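Knowing the structure of chain E, use the given hints to seat chain A on it.
Chains as they are written, first to last, in my numbering: chain E, 677 to 1124; chain A, 677 to 1124.
Note that these hints are calculated values from the structure, not bench results. Just so we're clear, the structure is a prediction, and the values are computed from it rather than from any experiment. Keep in mind that the hints are not guaranteed to be accurate.
All copies of an identical chain are treated as equivalent in the list; a pair is satisfied when it fits inside any one copy or across any two copies.
As the list claims (entries may be wrong) - In silico SDA-like cross-links for lysine to any residue, where the CA-CA straight-line distance does not exceed 25 Å:
no., residue 1, residue 2
1, K1020, R739
2, K715, D967
3, K865, F765
4, K1020, D1075
5, K715, T976
6, K1020, Y907
So you can see what is in the structure, the chains are spelled out below.
Number of protein chains: 2
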Amino acid sequence: MNRPDDTALLTDLYELTMTEAYLEEGMWDEAVFSLFARKLPARRNYLLAAGLDDALTYLEQLRFDAETLDWLASQGRFSDRLLGWLERFRFSGDVDAVPEGTPVFAEEPLLEVRAPLPEAQLVETYLLNQVHFQTAVASKARRVVEAAAGRDVMEFGLRRYHGTDAGLKVARAAYLAGVGSTSNVLAGKRYGIPLAGTMAHSYVQAHDDELEAFRAFVRVYPSATLLVDTYDTLRGVQHVIRLARELGEDFQVRSIRLDSGDLLSLSIAAREMLDEAGLPQVRVYASGGLDEDTVARLVTHGAPIDSFGVGTAMGVSADAPALDMAYKLVAYAGRPRVKLSSGKVLLPGAKQIYRHDVDGVARGDVLTNRDDVAPGRPLLQPVMRAGQRLPGATPTLADIQAHARREVSRLPPELRALAPARPPYPVTLGRALARAREHEVELWSAAP
Amino acid sequence: MNRPDDTALLTDLYELTMTEAYLEEGMWDEAVFSLFARKLPARRNYLLAAGLDDALTYLEQLRFDAETLDWLASQGRFSDRLLGWLERFRFSGDVDAVPEGTPVFAEEPLLEVRAPLPEAQLVETYLLNQVHFQTAVASKARRVVEAAAGRDVMEFGLRRYHGTDAGLKVARAAYLAGVGSTSNVLAGKRYGIPLAGTMAHSYVQAHDDELEAFRAFVRVYPSATLLVDTYDTLRGVQHVIRLARELGEDFQVRSIRLDSGDLLSLSIAAREMLDEAGLPQVRVYASGGLDEDTVARLVTHGAPIDSFGVGTAMGVSADAPALDMAYKLVAYAGRPRVKLSSGKVLLPGAKQIYRHDVDGVARGDVLTNRDDVAPGRPLLQPVMRAGQRLPGATPTLADIQAHARREVSRLPPELRALAPARPPYPVTLGRALARAREHEVELWSAAP
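Isolated chain E (complex conformation) (with noise of 0.2 Å):
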């Protein structure tokens, strides 16, 4: 499926149209726009902020080609004026942001763009994207790896995500929030995750009885996991049971899969067979279906299972699969903007985020504007100036996922818990913002 490269053309039309109009008004000055949700989903404590390497990758390669250029013009929509700014297009601006894998919380933006005002405006489109969907599947994922409490967990829904995209950022989001593996070979080959497979139903279908495709399958693969549910479990279990016997020192089997039915009792039932049998070293994996709730109460009910596969219901962050994220101006030519849609008051301003620990533990962040400053650490970091990309802004997966993890263990325990944090961790407004959120309630109460 070789394409030219179309990425510049993934935005949305008014992208376009609006940039038009402000190289017409020769509206060039600085605008600052803020990437934040303005809500959190009923079942999110905190999102774990990702897609940011996306965002800025995007940002210093974004270019419009011959080829991009000459179907636009064939459009008959955009002036000369237009294309002709567009075909010498470089992002110039910066960027400062939170940390991927760092959590954050309603109104605390994940990034700011400070930018001309058409260029900073043509990019909202793709880094939303690509922010608020890692985002989702993170902050997701990030639930699941705290049900399996320390058990490993396996991501490998490629195959009912929304589409191939996500299937790769599926497999990022899932590792940085502290997934072991992956299914998904273009991931283990673009990010480096560890691979992991076991075997389909169509397998055992294929051959004549269960037994002789798990004897087929070892001397290929001698230590697999062996998919035991695609007549009847026990039997399957049975079955492994028997090749062991058979195959005696060389058998290497590692795992079972269990992919349905009542994975706690078939759980029970298989390591206890499996320890009768002398078998203690082959770890359960179980999978089919399964959620953050379903994890959980396998894991609290003590289900003797070693391994979690998770796919559709994370990659696609089943019960939320999108965040009330927006990319807002917040500041032009030196101004703050403010907006008064009803229900969707903005604050103004370019903004920092401080966390403020006390023994180890976040126990509340001050959204400030961004010059001023306030007890703790502060969490937007320059990451991007004169549309370059700063050393020290390329982590990698590795280091995101260990950030992740520190991070998140700095939360207190009723916001890793899966359940609503009742009260809900504590953002306050510093001063000068908080002034501005009055007097926009003002203005918006005063409105006929």
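Chain A only, in chain E's frame:
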């Protein structure tokens, strides 16, 4: 972001390891795999088949190039035999499929692949990735189109879909289902979908006042859609009216856009204001977190809204972001295959769907073995033979949209409603399949 063509690696690791095992075992016989939804989501009376074109393009174009093979070799997991086989890989099989835009029901195959086992297995992940997602979105989008009851629907949610491929495929699937336009510029280029766009709040905010922003925008785009809710919706409408007085005969604004608040009362008030100002030609466009339910409510209550902008909830299929869809082996080496996993019993053999119409209304389907016959029209059609797409298996997207409109119009009215149809549409099994099901249920009940 130019990348090597890595599509071949966009697969689950186990597709490669199972292929390795099949080569080792010499299991070259013909397999039939069936791609179908095991059941429908609670709020779907049918699914609208989509994604076939991408599936067939994949089968035609799938190759393992030198760079891909080198990387696979470097992993130390795969034999030279497998790598050599992948190097020579060309999909040589047959595909029968339901045309895109056809309503289908639980257990009905959207497509069936018949090919030597290793080939048919290898392509599983990508086929599901495309057909599952596009079908989920087309099915959701059709509900929005039904709810709009003839009013325009525009798709504009690229920013909150799941990555870049989702952005394109949502635009495609929504258009196929009857949505009229998209904001996604690349979808316009690639699929020829009409482009549409309005303006963002940032445009209004960047100007000193709203009226000045409107004046500036219509100088560039005289027939623009003006967004009126940045500060106060009805004051925004007054600004549009004032602009009309200023411009006199030069006023060509096509519509106003409401994006927040109570869209029913605001649209009524805005319509009255525009009519009283002698601007009956200015249309009212509504957006802001809409889905089929909110659209239906507005239409039912007679909201004077001409067009709906729908994004996130439609494009992530928010109430059913994934389907229980699978790609299952149903025959190998001429013998039907079953699977008895708890709750996932499988109907064996290649199939056909017969849809029985009475007076132009579909009254029921019969799912049969491929070679059986039943009253009605067969829905699965040959689309690929020996790896070559058949003439007629490349309808235009406009053709598919027309086909969808026609096929949906043949469904009984209760199927097209948003509420669950009671009783659901009848899908019965042909005699041979009914016997197979009984036999399976017996087998399954008999399992210890």
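So, going through the hints one by one against the coordinates:
1. Neither within a single protomer nor between protomers do K1020 and R739 lie at most 25 Å apart by alpha-carbon distance, with minima of 33 Å and 49 Å respectively.
2. For a Cα distance limit of 25 Å, the shortest separation of K715 from D967 qualifies both inside one copy, at 23 Å, and across copies, at 19 Å.
3. Taking identical chains as interchangeable, the C-alpha atoms of K865 and F765 lie at most 25 Å apart only when they sit on different chains, with a minimum of 20 Å there against 31 Å within one chain.
4. Taking the shortest Cα distances, K1020 and D1075 never come within 25 Å of each other, neither inside one copy (35 Å) nor across copies (41 Å).
5. In this assembly of identical chains, K715 and T976 lie within 25 Å of each other by CA distance neither inside one copy nor across copies; the values are 30 Å within and 30 Å between.
6. In this assembly of identical chains, K1020 and Y907 lie within 25 Å of each other by CA distance solely across copies; the values are 10 Å between and 54 Å within a copy.
The structure shown violates the earlier hints numbered 1, 4, 5.
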